[in-house]
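From just these sequences and the hints, can you work out the full model?
Now for the letters of each chain:
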Amino acid sequence: MIALKNELIKLFSKKKYIVFIVIAAAVVLIRFLGTAIFSGMISWAANNGFSLGKGMASVYDMISFNIRVFTPFVVFLAVSDLFSAEIQEDTIKSVLSQPVTRGQVLAVKTVAALIMGCVCYFSMYIICLIMQIISGGGFNNAATVLLAYVLDIIPLITLITMSICLNLLIKGPALSLLVSVIAYLALTYLSYYNGTVSPFVFTSYLEWHKLLIGSTVPVNVILSRLGILAGSVLILYSISYIMFENTDF
Amino acid sequence: MATETVRMDAVKKLYKNKRGIRNITLDVNKGDVLGLLGPNGSGKTTIMKLLCGLIKKDAGEVKMFGLDAEESFERVMRKVGSLIEAPAIYKKLSAIDNLMLTARMRGADEKRAMQYLERVGLLQYANERAERFSLGMKQRLGLSMALVGEPELVILDEPVNGLDIEGVVGVREIIEELNKKGTTFIISSHIASELEKVCNRVAVLYDGEIAAENEMSDIERRYPSLEEYFLENIRKRRGALL
Ligand SMILES: Nc1ncnc2c1ncn2[C@@H]1O[C@H](COP(=O)(O)OP(=O)(O)OP(=O)(O)O)[C@@H](O)[C@H]1O
Ligand SMILES: [Mg+2]
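Residue numbers (this note's numbering), protein chains in the order written: chain U, 1 to 249; chain B, 1 to 242.
Hints were generated in silico from the structure; no laboratory data involved.
Any given hint could be a false lead.
What the hints assert, rightly or not - Lysine to any residue pairs mimicking SDA-like chemistry, simulated, CA-CA at most 25 Å apart:
id, chain 1, residue 1, chain 2, residue 2
1, U, Lys5, B, Asn127
2, U, Lys15, U, Val27
3, B, Lys111, U, Pro99
4, B, Lys197, B, Glu220
5, U, Lys16, B, Lys57
6, B, Lys91, U, Arg68
7, B, Lys111, B, Gly170
8, B, Lys63, U, Phe249
9, B, Lys79, U, Thr101
10, B, Lys56, U, Leu168
11, B, Lys56, U, Arg68
12, U, Lys14, U, Ser58
13, U, Lys14, B, Glu110
14, B, Lys181, B, Glu166
15, U, Lys14, B, Gln124
16, B, Lys16, U, Asn246
17, B, Lys30, B, Glu213
18, B, Lys92, U, Ser13
19, B, Lys57, U, Gln88
20, U, Lys5, B, Leu93
21, B, Lys56, B, Leu67
22, B, Lys91, U, Val111
23, B, Lys79, U, Met1
24, U, Lys16, B, Lys30
As the list claims (entries may be wrong) - Partner residues aside, some chain U positions facing chain B, computed with beta carbon under 7 Å:
id, residue
25, Asn6
26, Leu8
27, Thr91
28, Ser94
29, Thr101
30, Asp248
Just so it is clear, the structure is predicted and the values come from calculations on it, not from any experiment.
Cβ atoms here follow ideal geometry from the backbone N, Cα and C, with glycine treated the same way.
As structure tokens, this is what we get:
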């Protein structure tokens, strides 16, 4: 637990993460204002007077963007800070010469990256929910969308382990980040355009809440997808573990 | 009850380029201040990294505090503080935050961390970000990280590197004081005259092997200085290899 606290202190001491979350919040806000002004002008033209349109912002906004673009990027960045950057700057040696095993260090760093991902998920959720409340939507769907984000934590773990694996293979934080992004894009491409492989690629299920919420998917389908996600984590984490355990620092 | 703090037996570690250390057999007893003296690339850092678990040995046996250093890694490392090569410092964190990372892992609170910052002369910079520190200030911070857990064994790789005269004297005083209380030290340095002042035993390394090892008192009796002892053994080795 103390080791986890240390990793989080190191991670959040970097201002860029706060900046990214602020930028994402700004995007939501600009989008909302844009819609508000646009529909405001229409209603003005229709002589109905200016009104802040009800339901112009919804807690559903940005959920795909957040899960497919924003959070993966921030998480890749966090992993490269937690692994490649520490290895390159040689600060990893002070982490490893503490009374913790390498296995524990790997686990703690993985959890730290996951916490960063959750911070992204839920800060976006809260921002969008506030927008919805401002535009008069109240707490409509708030619980459903929250559940969606919670469910999508599972595919987020696969993304993190993939990135860790790449970080241990590739030297240098910038290159590791780049390769993580490229690998992610390639897998996403496969999951969209290659029907034969897509069921086996975990990026197909990044937004697997869509399957689970509001539709009646048979249990065996859910289980097989969960199997793909969990299997990917298992394989990627094992490879990472073996590499991390056997590297000289 | 073994009194040996460290026991290395026929330890071998070669990097991918086939350089490293071979056939290292070395005992360090409780209360020793062992100096590692050797030319650049002779294997001093490699030995120290091995003792801190940063690299894994290829062959041989390493026991620390009577335990297998790899199997009982956690228990062993609780008793070991280290400063290896350049200190590991997070630029974005302040001096005290950097030190707290290590202190926390070793059950030391902020009060104790502050005491150690004072000890290395960094108290007035406690809240300043480490990216603004000079070489010697970073070295001092690294030193406080090695000491803050009050470990039984302290491993210092070129501890006076970059330190000013006061800093060098300060390090010597810290070593002497802690050693009186029973702390064991393994120290490497290029400055023979510095090791001479604090060590009770010296091992001379040459090309990944121990070329000579002796008590400081014996060296003092037979040689004008540690430097002479070092040079003689290095030349002997070099001659033997030719
Ligand atoms: N990561 C590494 N990969 C390959 N070879 C290495 C690595 N680290 C050290 N070596 C080699 O191992 C040998 C011993 O290096 P080591 O760093 O232990 O020397 P040293 O005695 O600490 O030298 P110095 O006085 O310069 O600090 C050298 O020949 C060095 O080139
Ligand atoms: Mg060295």
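Checklist line | Which numbered hints fail | finding: Of the numbered hints given earlier, those the structure breaks are 5, 6, 11, 12, 24, 26, listed in rising order.
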